[in-house]
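Trainee: Sequence:
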Amino acid sequence: MNEPQRITLRDVLYEILPKLKAAESMIQNTLLAILEVTEEPLEKARRREQQEEMELELFTIRLNIKHLLNRYSQDVQAMRESEETGAAIGDGPILALDDGEAQAIEKAKMLHERLVAMQKELAKG
Numbered sequence: 305m306n307e308p309q310r311i312t313l314r315d316v317l318y319e320i321l322p323k324l325k326a327a328e329s330m331i332q333n334t335l336l337a338i339l340e341v342t343e344e345p346l347e348k349a350r351r352r353e354q355q356e357e358m359e360l361e362l363f364t365i366r367l368n369i370k371h372l373l374n375r376y377s378q379d380v381q382a383m384r385e386s387e388e389t390g391a392a393i394g395d396g397p398i399l400a401l402d403d404g405e406a407q408a409i410e411k412a413k414m415l416h417e418r419l420v421a422m423q424k425e426l427a428k429g
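Under the working numbering, the residues of the sequence shown are numbered 305 to 429, in order.
Just so you know, the hints here were simulated from the structure itself, not pulled from any lab data. Certain hints may be false.
Pairs of lysine-lysine residues, derived as DSBU-like cross-links and limited to a Cα-Cα distance of at most 30 Å, are as follows [what the hints assert, rightly or not]:
1. LYS411 to LYS424
2. LYS325 to LYS424
3. LYS323 to LYS424
4. LYS424 to LYS413
5. LYS413 to LYS325
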């Protein structure tokens, strides 16, 4: 049996969740911008399909991360309370990920990287 993957609560809250939020924004803004300037029907259809695939991927990632945060809800609450009071909290607890959660964390990172690369390509023209 494989050893479960682990991640700190701080990484989930301050690395993964912001990347998801950024990815969501990039999907909306970048792909919509591409769709607005694309006139060729096949390219437009390809970009719409790409947008739908990314949105579905984002949805499944969010479901798994929500599951993770629900499993560790007491730790999340304790970390937030510590931050509100200004207490030193470090990285918080280390969370053991189930297979779906581990895949979601990796997919979140990859999706964000793909979208950043797409934006850089668009910026080049």
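Trainee: Hint by hint, which ones does the structure fall short of?
Mentor: none
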